[in-house]
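> Listed below are the residues making up each chain.
Number of protein chains: 2
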Amino acid sequence: MSSSISLEDITKAQARIHGYAYRTPAYRAFSEESVWLKMECFQPVRSFKIRGAANKILSLTDDQMKRGVITASSGNHGLAVAYVAHKLKMNATIVLPENAILEKKQMIESLGARTVLFGRQQDERMKKADEIQNSEGLIFIQPFNDIEIITGQATCGLELIEDVPELQSVFVPIGGGGLISGIATAIKLKSNQVRVIGVQPEGSPSMYKSLKIGTLSGIEESHTIADGLSVRKPGDITFSFVKRYVDDIVLVSDEEIIGATTQLLKKEHVLAEPSGAAALAGLLKVRRETGKKERSAAIVSGANISKEMLSKIAQ
Amino acid sequence: MSSSISLEDITKAQARIHGYAYRTPAYRAFSEESVWLKMECFQPVRSFKIRGAANKILSLTDDQMKRGVITASSGNHGLAVAYVAHKLKMNATIVLPENAILEKKQMIESLGARTVLFGRQQDERMKKADEIQNSEGLIFIQPFNDIEIITGQATCGLELIEDVPELQSVFVPIGGGGLISGIATAIKLKSNQVRVIGVQPEGSPSMYKSLKIGTLSGIEESHTIADGLSVRKPGDITFSFVKRYVDDIVLVSDEEIIGATTQLLKKEHVLAEPSGAAALAGLLKVRRETGKKERSAAIVSGANISKEMLSKIAQ
Chain A
1 MSSSISLEDI TKAQARIHGY AYRTPAYRAF SEESVWLKME CFQPVRSFKI
51 RGAANKILSL TDDQMKRGVI TASSGNHGLA VAYVAHKLKM NATIVLPENA
101 ILEKKQMIES LGARTVLFGR QQDERMKKAD EIQNSEGLIF IQPFNDIEII
151 TGQATCGLEL IEDVPELQSV FVPIGGGGLI SGIATAIKLK SNQVRVIGVQ
201 PEGSPSMYKS LKIGTLSGIE ESHTIADGLS VRKPGDITFS FVKRYVDDIV
251 LVSDEEIIGA TTQLLKKEHV LAEPSGAAAL AGLLKVRRET GKKERSAAIV
301 SGANISKEML SKIAQ
Chain B
1 MSSSISLEDI TKAQARIHGY AYRTPAYRAF SEESVWLKME CFQPVRSFKI
51 RGAANKILSL TDDQMKRGVI TASSGNHGLA VAYVAHKLKM NATIVLPENA
101 ILEKKQMIES LGARTVLFGR QQDERMKKAD EIQNSEGLIF IQPFNDIEII
151 TGQATCGLEL IEDVPELQSV FVPIGGGGLI SGIATAIKLK SNQVRVIGVQ
201 PEGSPSMYKS LKIGTLSGIE ESHTIADGLS VRKPGDITFS FVKRYVDDIV
251 LVSDEEIIGA TTQLLKKEHV LAEPSGAAAL AGLLKVRRET GKKERSAAIV
301 SGANISKEML SKIAQ
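Quick note, the sequences are listed as chains A and B, same order. So for the first sequence, the working numbering puts the first residue at 1; every next one is plus one. So for the second sequence, the working numbering puts the first residue at 1; every next one is plus one.
Be aware that one or more of the hints could be misleading.
[To be verified] Calculated pairs, BS3-like style, for lysine-lysine (alpha carbon to alpha carbon, straight line, at most 30 Å): (1) K243/B to K292/B; (2) K233/B to K128/B; (3) K188/B to K312/B; (4) K285/A to K105/B; (5) K128/B to K267/A; (6) K212/B to K293/A; (7) K307/A to K266/B; (8) K307/A to K233/B; (9) K293/B to K293/A.
Quick caveat, the hints were computed from the structure, so don't treat them as lab data.
Given the sequences, and given the hints that come with them, work out the whole structure.
Quick look at the structure:
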């Protein structure tokens, strides 16, 4: 397994996931001059996670496919794995947090997957999934720390740079780092002129901290409204991609994340979950602080919002 | 000008509007077995209106394009005209109702178009736009009663029948009838097996009434939460298409429309305005009444919802 990704790897992934993931549009925002929004929230599972999951599962051998897949997820990766498995008529098991959003659980089950509720943090769920995998002989589909997953997410970056002319910077949310690893690779392989900026919640700055000190490191606790970005320790593979390709990481408060989610809903008429609007929150923060209105894009990475959060955002 | 549309006319329109309108996905609903949703709410202007507007404006002569365009609209058609004009660097004037949704007005103005507020009903706005057109020499872009507009909307039907295998019925919202005229033409030219069902609000049943009595006729008053479907008199051209190609029209209450809008938001994680969810309301009503779960699609036609309505739906 190589720890680098070529442009050819990404275009191959693009062909592989065709018919599973969707080529989402990038639209100019109505509410912000020279801001572009990459609509991953328009995917069939309402998040970018379908790209990596499809690329990974479609790369399995026939024997592996027969055994079935398992994963641990706060929801969107699990939904993506369930969706791809459903299309391929494979068995899938998804380990969700005890406090999983009910709608996400129902969406996963509507695709015929088995759900298991366990723990509250990503690392706890990973251990549980590992146990089930060993006892049942299933194939584990990593949520982010996997080269095929990262290559799948990279297709998003390739589309973005093809579709938005004269792009100057891209803002990407970071949980475990799979999406930004893929996007940064695609972008930098195409152009060194475009800066790639990661965005993490202030209450969950694991990749930010790791990048600043130059060593992969975790955080004790993670508290953020953006549940999809709550990861206490990034992966070693994603960390190596971030070190190599990402220009900077900015932190945003829960208040800023809610502000961006509201702006997307009320001014752009696009539904995003807080994790899905975090990149826009980072973009808007950098604009406010620098006063510069360069041509930037934000990945709107997902729309699987809880009813409670929705009612708060829509007030 | 022909009053019929061929498959070749539709594929030509498809090529013409490429790069303006988007080929939207059709997804299986998570919440309803064998229901497919055609996501016109994912268009750059968040409604299907971009298809007709792009086809019409791109069919103008160079001289007509130089003069600039004008239209009357409750919002979505105006936004679409403004968007296409902006892309083509043309002048555009949009006559909106006095009680226009502020967000729609702002979106239109963010595209550099002039807005004029006048009256509350579509026919009043049409007269006002006609006056301005005459005094300023602009080109009037009809919202629905125009063969090029209908041909543009037909591209939506062509995509749907290509993308959803073994489709049995399609539910389409009706205001002036442009969308259903186009979709029904495309569907019936491809397959006589697929039924096309129109959906109108109980409080604005102008096409329903016209179809039942067999003669184009208007209604005195229109009262519905689905502002985009509030048209007191259908067009003569759209009426002739509906008579020829549409199998039936069902009426839905405001309560049923709100229910479908809520279901899209909370269970499918897709934002739609009430007019945009009316077709799903009709589909669900027919399912309840017949008990049949055939493979059906509903056009989710737009997402430009007001803040007030959003907060009501999201509660």
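> Does each hint fit the structure? Answer for all of them.
Hint-by-hint comparison with the structure:
{"no.": "1", "hint": "K243/B to K292/B", "result": "25 Å, holds"}
{"no.": "2", "hint": "K233/B to K128/B", "result": "17 Å, holds"}
{"no.": "3", "hint": "K188/B to K312/B", "result": "38 Å, violated"}
{"no.": "4", "hint": "K285/A to K105/B", "result": "26 Å, holds"}
{"no.": "5", "hint": "K128/B to K267/A", "result": "28 Å, holds"}
{"no.": "6", "hint": "K212/B to K293/A", "result": "56 Å, violated"}
{"no.": "7", "hint": "K307/A to K266/B", "result": "6 Å, holds"}
{"no.": "8", "hint": "K307/A to K233/B", "result": "39 Å, violated"}
{"no.": "9", "hint": "K293/B to K293/A", "result": "51 Å, violated"}
Against the hints set out earlier in the document, violations occur for numbers 3, 6, 8 and 9.
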